[in-house]
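Position chain R relative to chain A; hints supplied.
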Amino acid sequence: MGSRKHNRPSATRDIVIDTNIVVYVGKNNKDLANKVLACLRDAVTKDYVLTISDFTIFELLKGASPESEGKALASLQGIKRYYVTKRVLVAAAHLECIYQQNKIPKESIDSGDKIIGATAVLTNSLIFTANTRDFPRPFFKEILAIPIVYSKDGKQHIINTAFLEPDINTILSHHKMWQESLRADDGNP
Amino acid sequence: MPKKSSQIKHKELPKASHKPDAAFRNANGAFEPIRMEDMRSSASVVGAGDGLRSLEKIAKDSPFLNFSDGLEEA
Chain A
1373 MGSRKHNRPS ATRDIVIDTN IVVYVGKNNK DLANKVLACL RDAVTKDYVL
1423 TISDFTIFEL LKGASPESEG KALASLQGIK RYYVTKRVLV AAAHLECIYQ
1473 QNKIPKESID SGDKIIGATA VLTNSLIFTA NTRDFPRPFF KEILAIPIVY
1523 SKDGKQHIIN TAFLEPDINT ILSHHKMWQE SLRADDGNP
Chain R
-17 MPKKSSQIKH KELPKASHKP DAAFRNANGA FEPIRMEDMR SSASVVGAGD
33 GLRSLEKIAK DSPFLNFSDG LEEA
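So the protein sequences, as listed, match chains A and R.
If you're matching positions, the first sequence starts at 1373 in our numbering and goes up one per residue.
If you're matching positions, the second sequence starts at -17 in our numbering and goes up one per residue.
It should be emphasised that the hints constitute simulated quantities derived from the structure, not laboratory data.
Where is the CB? At the ideal position from N, CA and C, for every residue including glycine.
Be careful, since some hints might not be right.
[To be verified] Here are the computed lysine-lysine pairs in the DSBU-like style, where the Cα-Cα straight-line distance is at most 30 Å:
#1 K1478/A with K42/R
#2 K(-7)/R with K1434/A
#3 K1402/A with K42/R
#4 K42/R with K1443/A
#5 K39/R with K1402/A
#6 K1418/A with K39/R
#7 K1407/A with K(-7)/R
#8 K(-7)/R with K1513/A
#9 K1434/A with K(-3)/R
#10 K1524/A with K39/R
#11 K1458/A with K1513/A
#12 K42/R with K1524/A
#13 K1407/A with K39/R
#14 K42/R with K1452/A
#15 K(-3)/R with K1527/A
#16 K(-3)/R with K1418/A
#17 K1407/A with K(-3)/R
#18 K1418/A with K(-7)/R
#19 K1443/A with K(-7)/R
#20 K(-3)/R with K1513/A
#21 K1407/A with K1475/A
#22 K1443/A with K39/R
#23 K1402/A with K(-3)/R
[To be verified] Between beta-carbon pairs, the in silico distance windows are:
#24 K(-3)/R with N1406/A: 22 to 28 Å
#25 S1553/A with K42/R: 49 to 55 Å
#26 N1406/A with S(-1)/R: 26 to 32 Å
#27 S1553/A with S(-1)/R: 33 to 39 Å
Just chain A, same shape as in the assembly (with noise of 0.2 Å):
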């Protein structure tokens, strides 16, 4: 008997950028820019595929130049963007609910890395971020950390990236017994 050939594609996995990240690419420090794309560069290779949310639009351009503006538009064009649907609100608005019953502070956690978070629980991506505070433990866990070095007006400087991951039993759970309080507050069995 022959053997059969499988033309079966290859495994990849999406990892959401957080903006901080692409921030980080863009400003004026190459040395910083190159080894946070090195860090991109190695992922690529082992077959993820780079996303952002849409949400990312929002928090680069808020803070751009009209000219920077046109330049960060026409980069990210080719950028694979997840769109911020109702169901990614919607998630989002459940991780804040599960966050405050597990005592992290709302207030401490913007709604765009709730936004950003939710984006990568629902397509089970990576996340790739320079602060892992916005995706706080048991709900997203570390996969790789890779603290970079790199020279600033002749100083040596540290970012502390790393790769999450979702923890998505760990949120359903959580999700759950959410539920269930609820239920238990309105009196209901």
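Below, chain R alone, put in the same frame as chain A:
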């Protein structure tokens, strides 16, 4: 601050592999698994590797030159 070694699960990014379905709350109020196909219509379509090329262009053009430190924390 450097991470404690016990917090780091990998020394390098593992290769992308098949992943379990993600989760979402259904109309009855319960989280349920959803298929990735359900989310595909929620994303723009680009070619493989285009994301990296976009970011390389951003690095070249430096459009966020004047971003404040506060915005970097976004």
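Now the hints, each set against the structure:
no.	hint	in the structure
1	K1478/A with K42/R	violated, 37 Å
2	K(-7)/R with K1434/A	violated, 36 Å
3	K1402/A with K42/R	holds, 8 Å
4	K42/R with K1443/A	holds, 10 Å
5	K39/R with K1402/A	holds, 12 Å
6	K1418/A with K39/R	holds, 21 Å
7	K1407/A with K(-7)/R	holds, 17 Å
8	K(-7)/R with K1513/A	holds, 15 Å
9	K1434/A with K(-3)/R	violated, 35 Å
10	K1524/A with K39/R	holds, 21 Å
11	K1458/A with K1513/A	holds, 25 Å
12	K42/R with K1524/A	holds, 17 Å
13	K1407/A with K39/R	holds, 15 Å
14	K42/R with K1452/A	holds, 19 Å
15	K(-3)/R with K1527/A	violated, 34 Å
16	K(-3)/R with K1418/A	holds, 5 Å
17	K1407/A with K(-3)/R	holds, 20 Å
18	K1418/A with K(-7)/R	holds, 14 Å
19	K1443/A with K(-7)/R	violated, 35 Å
20	K(-3)/R with K1513/A	holds, 17 Å
21	K1407/A with K1475/A	violated, 35 Å
22	K1443/A with K39/R	holds, 9 Å
23	K1402/A with K(-3)/R	holds, 27 Å
24	K(-3)/R with N1406/A: 22 to 28 Å	holds, 23 Å
25	S1553/A with K42/R: 49 to 55 Å	holds, 51 Å
26	N1406/A with S(-1)/R: 26 to 32 Å	holds, 28 Å
27	S1553/A with S(-1)/R: 33 to 39 Å	holds, 35 Å
The structure shown violates the earlier hints numbered 1, 2, 9, 15, 19 and 21.
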